[in-house]
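Peer 1: From first to last, the protein sequence lines are chains A and B. According to my numbering, the first sequence is numbered sequentially starting from 1. According to my numbering, the second sequence is numbered sequentially starting from 270.
Bear in mind the hints are in silico, worked out from the structure with no lab data behind them. Mixed in with the good hints there might be a few duds.
Among the chain A residues that face chain B by a calculated CB cut under 7 Å, a handful are [what the hints assert, rightly or not]:
| id | residue |
| --- | --- |
| 1 | A138 |
| 2 | Q181 |
| 3 | V208 |
| 4 | L236 |
| 5 | E239 |
| 6 | I262 |
Only pairs whose alpha carbons sit at most 27 Å apart, straight line, appear in this in silico BS3-like list of lysine-lysine [to be verified]:
| id | chain 1 | residue 1 | chain 2 | residue 2 |
| --- | --- | --- | --- | --- |
| 7 | A | K72 | A | K27 |
| 8 | B | K505 | B | K494 |
| 9 | B | K505 | B | K395 |
| 10 | B | K419 | B | K488 |
| 11 | B | K395 | A | K27 |
| 12 | B | K357 | A | K251 |
| 13 | A | K72 | A | K85 |
| 14 | B | K505 | A | K251 |
| 15 | B | K489 | B | K395 |
| 16 | B | K488 | B | K505 |
| 17 | B | K419 | B | K395 |
| 18 | A | K251 | B | K604 |
| 19 | A | K74 | A | K85 |
| 20 | B | K419 | B | K357 |
| 21 | B | K505 | B | K489 |
| 22 | B | K552 | B | K505 |
| 23 | A | K251 | B | K489 |
| 24 | B | K494 | A | K251 |
| 25 | A | K32 | A | K72 |
| 26 | A | K27 | A | K85 |
| 27 | A | K251 | B | K552 |
| 28 | A | K27 | B | K419 |
| 29 | B | K552 | B | K604 |
| 30 | B | K488 | B | K357 |
DEER-style ranges, computed between Cβ atoms [said to hold, decoys possible]:
| id | chain 1 | residue 1 | chain 2 | residue 2 | range |
| --- | --- | --- | --- | --- | --- |
| 31 | B | E432 | A | P35 | 41 to 47 Å |
| 32 | B | G454 | A | L37 | 44 to 50 Å |
| 33 | B | R463 | A | P203 | 28 to 34 Å |
| 34 | A | L236 | B | E460 | 44 to 50 Å |
Ideal Cβ positions, reconstructed from N, Cα and C, are used throughout, including at glycine.
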Amino acid sequence: MGGFHVVVCGGLVPDPLQVLQPVETEKGPALKNEPMLPAILDPWAAHALYEGDHLVRSREGSRLWWLTLGPKAKLQQLLMTVAQKVPFELVVLDGPAGGFTDAWEAAAALANGIESLPGLDRSRLLVFGGWESASRGAGVTLQMVGERLGIRCQFQGVDELTVLPDGRLRLLERVEGGRHQISVCAGPPAVVGWATGELPEPPNNPQVGMLNMRAAMGALQRATPAQVGVGSIRYLQVEVPEQRRDTRIVKDVPVEEMAREIVEWIRRS
Amino acid sequence: MSGLLMLATVTPGGGLSRSDREAITAARQLAGALGVPWDAGLVGDVPGEAASAAAGAGAERVFAVHGDDFLPSRYETDAAAFEAICRKVGPEYVLAAESARMHRALPGVAYRLGGAVDTHVCGWEKQEAGLVVQRWFYRQRILGRFTREKRPWFLLVDGGVVEPWSGTPREVRYESVPVEVSLDGPATTVEGIRDLAGGEQTIRPDAELLFVAGAGWTKKQADGKTHVAEAEAIIKEFLRLSQASLGGSKSVVDQSQEGQESLSFMTHLHQVGQTGSTPRHPKGLATCCHGEEPHVVGWRFIRERRAVNLDPGCGWAQGKADVLYVADAFEVMAKVNELLRGA
Chain A
1 MGGFHVVVCG GLVPDPLQVL QPVETEKGPA LKNEPMLPAI LDPWAAHALY
51 EGDHLVRSRE GSRLWWLTLG PKAKLQQLLM TVAQKVPFEL VVLDGPAGGF
101 TDAWEAAAAL ANGIESLPGL DRSRLLVFGG WESASRGAGV TLQMVGERLG
151 IRCQFQGVDE LTVLPDGRLR LLERVEGGRH QISVCAGPPA VVGWATGELP
201 EPPNNPQVGM LNMRAAMGAL QRATPAQVGV GSIRYLQVEV PEQRRDTRIV
251 KDVPVEEMAR EIVEWIRRS
Chain B
270 MSGLLMLATV TPGGGLSRSD REAITAARQL AGALGVPWDA GLVGDVPGEA
320 ASAAAGAGAE RVFAVHGDDF LPSRYETDAA AFEAICRKVG PEYVLAAESA
370 RMHRALPGVA YRLGGAVDTH VCGWEKQEAG LVVQRWFYRQ RILGRFTREK
420 RPWFLLVDGG VVEPWSGTPR EVRYESVPVE VSLDGPATTV EGIRDLAGGE
470 QTIRPDAELL FVAGAGWTKK QADGKTHVAE AEAIIKEFLR LSQASLGGSK
520 SVVDQSQEGQ ESLSFMTHLH QVGQTGSTPR HPKGLATCCH GEEPHVVGWR
570 FIRERRAVNL DPGCGWAQGK ADVLYVADAF EVMAKVNELL RGA
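Starting from the given sequences, assemble the full structure and let the hints guide the process.
Peer 2: What follows is the structure in structure tokens.
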């Protein structure tokens with residue numbers, strides 16, 4: 001068998017340290033100053049990208065695409081950091097990356113994007129992505145992408161993927177209680193929604209960055225517009241709930257007293 | 270297309286998990302709010318207790334798919350089974366628990382039926398606009414209320430939103446729904462479940478208390494040295510004595526994964542917060558945690574919150590915790606263990 005054709009679907013999300021405020025727009029809810037908010041690659045999608053890179057490097061004849069749906073201008077900024085991590089072939093769908101859009105429409109855009117990849121061998125295809133995003137956080141898009149592509153082997157919350165000597169794939173998926181389910185699938189095509197995986201974030205590599213950026217600028221110019229909106233959703237209210245508590249500060253008292261209070265609290269039902 | 274269908278998986282032996290019993294309660298409540306009848310669809314082992322529980326809770330009809338192919342949690346067979354039940358019943362609404370198995374399978378089923386799906390649902394009400402559901406966006410930072418036109422509308426309800434059903438069961442005859450499985454058999458084989466490396470189970474979703482350890486446990490202490498081994502011993506003993514579930518901040522989890530000196534039992538599965546989980550426990554005790562917003566996200570659904578750290582102005586604890594103990598967590602938790610041991 002030849003190598004894998006890995007397509008990583010991953011978008012940008014606001015930096016988690018930013019304060020998020022929802023606002024109403026003509027197209028539905030959005031974030032205040034959304035175009036200006038510093039963005040990062042969605043954390044679980046980033047793990048998918050690193051795992052995808054690891055896989056294609058271990059298998060000769062493999063290719064790695066990063067398929068991303070988001071506003072072109074922001075993606076260009078994001079590339080300054082992501083491009084230095086791992087080598088990829090970038091494909092851009094120019095559309096909204098916010099959390100209030102409909103997963104159905106996002107899935108349609110991504111599936112069309114995958115189907116249009118030149119040179120893609122569907123029999124060797126592995127669709128990677130984060131099992132949930134840090135924006136919509138629904139964890140449903142990849143399954144719909146898989147359905148659109150007719151892929152019946154799907155896995156979510158994956159922390160490990162191993163290629164067995166006979167070409168089958170062994171996957172560890174997160175299940176309840178902090179445990180993993182072990183499954184073996186016949187091989188590609190498959191959909192893999194990654195949790196954190198096992199690899200640390202790769203260090204920045206300026207050479208990889210230069211290589212990626214040379215091709216990426218062309219990919220940004222060729223970006224396909226994607227019609228993604230709120231779809232069948234009608235929002236009635238979107239808000240940041242006020243959750244301020246009156247914190248009682250306990251200090252300058254003996255440790256024994258604090259411990260006794262904590263134990264009493266733990267035991268109280 | 271009418272009514273509500275509750276979907277659940279039958280555990281080996283014919284019963285239901287806690288999350289699926291919560292789904293029964295949610296189905297009762299939602300059907301009541303909508304003023305519609307509800308049915309149950311069960312997949313897995315032969316439904317004995319599960320079918321009776323659903324009927325006892327008010328399900329008008331019970332449909333089932335069972336057999337060896339449908340026992341394991343696997344996308345291919347789960348999606349086929351749930352799709353077959355949905356096509357048989359033709360519901361307007363489909364409700365299920367937010368479990369790993371349902372979360373993996375039902376979005377694909379919703380797609381096949383031309384419907385819509387919303388996960389992590391944490392509330393609902395009937396309004397003039399129709400059914401309005403509530404869920405969080407941006408990792409529990411923004412709360413949205415919305416309705417949809419597409420049907421069937423699949424709703425996966427988060428754990429802990431309602432109490433698990435515990436009413437009187439009622440004998441019922443379920444109807445088996447046939448499902449065609451590929452002649453080659455499923456393309457995926459499930460080999461089993463693996464516990465966390467290290468053996469000791471420290472993630473306990475049903476625990477009363479979540480204990481979160483922050484990176485402070487691994488930093489230099491007053492004597493200018495780190496005391497990681499001591500920290501491990503204190504935390505492990507506390508978890509054993511209190512039966513709490515262990516969570517970790519991103520920084521402490523990253524330390525473990527990047528090979529720095531850290532708590533050996535800490536993995537990404539323990540991580541709570543913006544890029545981790547948002548567990549639901551009645552109580553939470555954070556120790557040596559700093560950093561504001563990402564931690565609050567992880568604690569969104571913890572009802573009673575206390576914290577131990579050395580900074581009285583800690584942005585994470587002030588206004589977010591009910592009580593902040595300003596003290597050395599090593600000393601406090603060692604004393605807590607002593608008191609728990611003496612019980």
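Peer 1: Run every hint past the structure and note whether it holds.
Peer 2: Verification of the hints:
The restraint placing A138/A at the interface with chain B holds, with a minimum CB-CB distance near 5 Å, inside the 7 Å limit. Satisfaction of the interface hint for Q181/A is found here, the shortest Cβ-Cβ separation to chain B being roughly 6 Å, below the 7 Å cut-off. Because the closest C-beta pair between V208/A and chain B is about 20 Å apart, greater than 7 Å, the hint is violated. Using the Cβ-Cβ criterion of 7 Å, the hint placing L236/A at the interface with chain B is satisfied: the shortest such distance is roughly 5 Å.
Taking 7 Å as the C-beta cut-off, the interface hint given for E239/A holds, the closest approach to chain B being about 6 Å. A cut of 7 Å between beta carbons decides the hint on I262/A: the least distance to chain B is about 5 Å, and the hint holds. For the proposed pair K72/A and K27/A, the alpha carbon gap of about 18 Å is at most 27 Å, so the pair holds. Proximity of K505/B to K494/B is assessed by CA-CA distance (about 21 Å); at most 27 Å being required, the pair is judged to hold.
At most 27 Å may separate the alpha-carbon atoms for a hinted pair to count; K505/B and K395/B exceed this at roughly 46 Å. Between the alpha carbons of K419/B and K488/B the distance comes to roughly 53 Å, so the proposed pair goes past 27 Å and is violated. Straight-line distance between C-alpha atoms of K395/B and K27/A comes to about 25 Å, which keeps the hinted pair within the 27 Å bound. Distance restraint check for K357/B and K251/A: the Cα-Cα separation of roughly 63 Å exceeds the 27 Å cut-off, and the hinted pair is therefore not satisfied.
A threshold of 27 Å between alpha carbons decides the hint, and for K72/A with K85/A the separation of about 20 Å falls inside it, so the pair holds. At roughly 26 Å between alpha-carbon atoms, K505/B and K251/A fall within 27 Å of each other, so this suggested pair holds. Of the pairs offered as hints, the one joining K489/B and K395/B is violated, with about 55 Å between alpha carbons and a cut-off of 27 Å exceeded. Proposed proximity of K488/B and K505/B is supported: the alpha carbons are some 18 Å apart, at most 27 Å.
About 16 Å separates the Cα atoms of K419/B and K395/B, which keeps this hinted pair within 27 Å; it holds. With a CA separation close to 16 Å, the supplied pair K251/A and K604/B stays within the 27 Å bound. Restraint check for K74/A and K85/A: satisfied, since their Cα atoms lie roughly 18 Å apart, inside the 27 Å limit. At roughly 19 Å between alpha-carbon atoms, K419/B and K357/B fall within 27 Å of each other, so this suggested pair holds.
Under the criterion of a C-alpha separation no larger than 27 Å, the hint pairing K505/B with K489/B is consistent with the structure, at around 20 Å. Distance check on the hinted pair: K552/B and K505/B sit about 18 Å apart at the alpha-carbon level, within 27 Å; holds. Distance hint between K251/A and K489/B is fulfilled; the C-alpha atoms sit about 22 Å from each other, no more than 27 Å. The straight-line distance between the Cα atoms of K494/B and K251/A is roughly 24 Å, inside the 27 Å bound, and the hint therefore holds.
Distance restraint check for K32/A and K72/A: the Cα-Cα separation of roughly 19 Å lies within the 27 Å cut-off, and the hinted pair is therefore satisfied. Our distance criterion of 27 Å between C-alpha atoms is broken by K27/A and K85/A, whose separation comes to about 34 Å. Between the alpha carbons of K251/A and K552/B the distance comes to roughly 21 Å, so the proposed pair stays at or under 27 Å and holds. Under the criterion of a C-alpha separation no larger than 27 Å, the hint pairing K27/A with K419/B is consistent with the structure, at around 18 Å.
Taking the CA atoms of K552/B and K604/B, the gap is near 19 Å; set against the 27 Å cutoff, the hint holds. For the proposed pair K488/B and K357/B, the alpha carbon gap of about 59 Å is over 27 Å, so the pair is violated. Separation of E432/B from P35/A is about 44 Å and conforms to the stated range, judged on CB atoms against 41 to 47 Å. Look at G454/B against L37/A: about 49 Å separates their beta carbons, and that is inside 44 to 50 Å.
Checked against the given bound of 28 to 34 Å, the beta carbons of R463/B and P203/A, roughly 30 Å apart, stay inside it. Between L236/A and E460/B, the C-beta spacing of about 45 Å keeps the proposed range 44 to 50 Å intact.
Against the hints set out earlier in the document, violations occur for numbers 3, 9, 10, 12, 15, 26, 30.
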